[in-house]
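Chemist: Put chains B and C on the given structure of chain A with help from the hints.
Protein chains in written order, with this note's numbering: chain A, 76 to 245; chain B, 76 to 245; chain C, 76 to 245.
Note that these hints are calculated values from the structure, not bench results.
Don't take each hint at face value.
Since the list can't tell identical chains apart, any single copy or any two copies may satisfy a pair.
Claimed, not checked - Below are the DSS-like pairs computed for lysine-lysine, each with C-alpha atoms no more than 27 Å apart in a straight line:
{"no.": "1", "residue 1": "Lys158", "residue 2": "Lys113"}
{"no.": "2", "residue 1": "Lys130", "residue 2": "Lys158"}
{"no.": "3", "residue 1": "Lys188", "residue 2": "Lys130"}
{"no.": "4", "residue 1": "Lys88", "residue 2": "Lys188"}
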Amino acid sequence: MGVKDLQPELALKALGLELPKPALALANYEAWAIVGDKFVSSGQFPWVDGELKFKGVMGRDLDFAESYAACQLAALNAIAQLKAALNGFDRLRRIYRMEGVLNVSPTFTEFPKALNGASDLLVNMFGERGKHTRMIWTNSITPINSPCLVFIYADVASEAAQINQNAEEK
Amino acid sequence: MGVKDLQPELALKALGLELPKPALALANYEAWAIVGDKFVSSGQFPWVDGELKFKGVMGRDLDFAESYAACQLAALNAIAQLKAALNGFDRLRRIYRMEGVLNVSPTFTEFPKALNGASDLLVNMFGERGKHTRMIWTNSITPINSPCLVFIYADVASEAAQINQNAEEK
Amino acid sequence: MGVKDLQPELALKALGLELPKPALALANYEAWAIVGDKFVSSGQFPWVDGELKFKGVMGRDLDFAESYAACQLAALNAIAQLKAALNGFDRLRRIYRMEGVLNVSPTFTEFPKALNGASDLLVNMFGERGKHTRMIWTNSITPINSPCLVFIYADVASEAAQINQNAEEK
Chain A
76 MGVKDLQPEL ALKALGLELP KPALALANYE AWAIVGDKFV SSGQFPWVDG
126 ELKFKGVMGR DLDFAESYAA CQLAALNAIA QLKAALNGFD RLRRIYRMEG
176 VLNVSPTFTE FPKALNGASD LLVNMFGERG KHTRMIWTNS ITPINSPCLV
226 FIYADVASEA AQINQNAEEK
Chain B
76 MGVKDLQPEL ALKALGLELP KPALALANYE AWAIVGDKFV SSGQFPWVDG
126 ELKFKGVMGR DLDFAESYAA CQLAALNAIA QLKAALNGFD RLRRIYRMEG
176 VLNVSPTFTE FPKALNGASD LLVNMFGERG KHTRMIWTNS ITPINSPCLV
226 FIYADVASEA AQINQNAEEK
Chain C
76 MGVKDLQPEL ALKALGLELP KPALALANYE AWAIVGDKFV SSGQFPWVDG
126 ELKFKGVMGR DLDFAESYAA CQLAALNAIA QLKAALNGFD RLRRIYRMEG
176 VLNVSPTFTE FPKALNGASD LLVNMFGERG KHTRMIWTNS ITPINSPCLV
226 FIYADVASEA AQINQNAEEK
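Excised from the complex, chain A in its bound form:
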């Protein structure tokens, strides 16, 4: 495990959080793809071991704290996919974009702050490598009645670059 691997894992521990097992895609698609030096994920849900920890509509079924926690957990699932794809975080250069689809009641105007559950996690875990642009949507119906879906996009070093770097570290 390289030095850059350690920092996100330590930050995660300090936050009292842990990564869930990366989930399989729900249908005939992939949970993630690496194309050239880019990682892209499909929509990730706020679940652990296939069970949604949060269900329904933000501002109606979930209060603000639960909505924030749901976005955080969906982001943890996205990070778990990233870690599986890269076999750790050494190859990660930057998570440059995070996108959220949120199911919110018509009066829940603080929904962008709920998505901060994902944004804060990325920045707290990855520092400079977690500084991301962001996109947000509200949808009135979401897959499996999830309050949110979170997507991440990352810039990654090639495997060859990683091997060279590891050699230099020795």
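Modeler: This is chains B and C only, laid out in the frame that chain A set:
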């Protein structure tokens, strides 16, 4: 026509489907763009020769089978754009992402399975080259009253690479 | 200032428009990022100096002309971010994608034409370099009660390439 061109066309025939003519964009934008080694499409509709084959809201105006077929037809239109952009499929390395915007009734919870109409087509037509990540939204109003819009993103080889490969095949 | 910088600025003047100051992001995320040779923006709002010029729902609180103007102003804000990121427009190769999230009433079927406020601006300001693909969504609740969010994606030359080009121009 190269070998890699043949497989998707044969798969299409086996499915009893054919590609519509690539449609023009509806306004002051482009139907697709190639930037470096990436292809991106604008939203594609379930139409043939400028006429929508499916209209309205999934789960209200369209049943499940029609919703699935609408997503399949919109994906066929997206593939027609890709083929026009690349002058065939030889340069296609991978359709790594498919996105769908669906207009669904509040009770049509099986809408993600309707988008499988697009996902299944990509995998059945392109095999490994059709393995894609996915993104899904529900919107309560969509352009020209279409039940769906489908977008694809592909990794493509440069024209130079194609020329070299063709030379080697001879 | 290079020659390619001048054209968009002159076009802007001819349209009687000016770029607002680039706005800060609303939360713990970045207004834009450059990753390799790509620029991506977060959602941009129709505001000037932190004040929304347009509020509410298209087709209910805003008529068509106002909805078009709101999309134009949000695009101006996105262009202001691009200019700040690139320190001008010389490094801009192409704005290859523009995306809009619109808050529209259920009967405002002409909403895609409202987004032409953004599309027309890109093409009028940048010519070939403004030819973009497009994506559109309708959401029933949007951040800070904005009628729209506009996002742009651009292909940009590296800083090194710009320095070389400037040297050749002398």
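Chemist: Confirm or reject each hint.
Modeler: Hint check:
no., hint, result
1, Lys158 - Lys113, "both (14 Å within a copy, 24 Å between copies)"
2, Lys130 - Lys158, "within (26 Å within a copy, 41 Å between copies)"
3, Lys188 - Lys130, "both (18 Å within a copy, 19 Å between copies)"
4, Lys88 - Lys188, "within (23 Å within a copy, 37 Å between copies)"
Taken one by one, the earlier hints all hold for this structure without exception.
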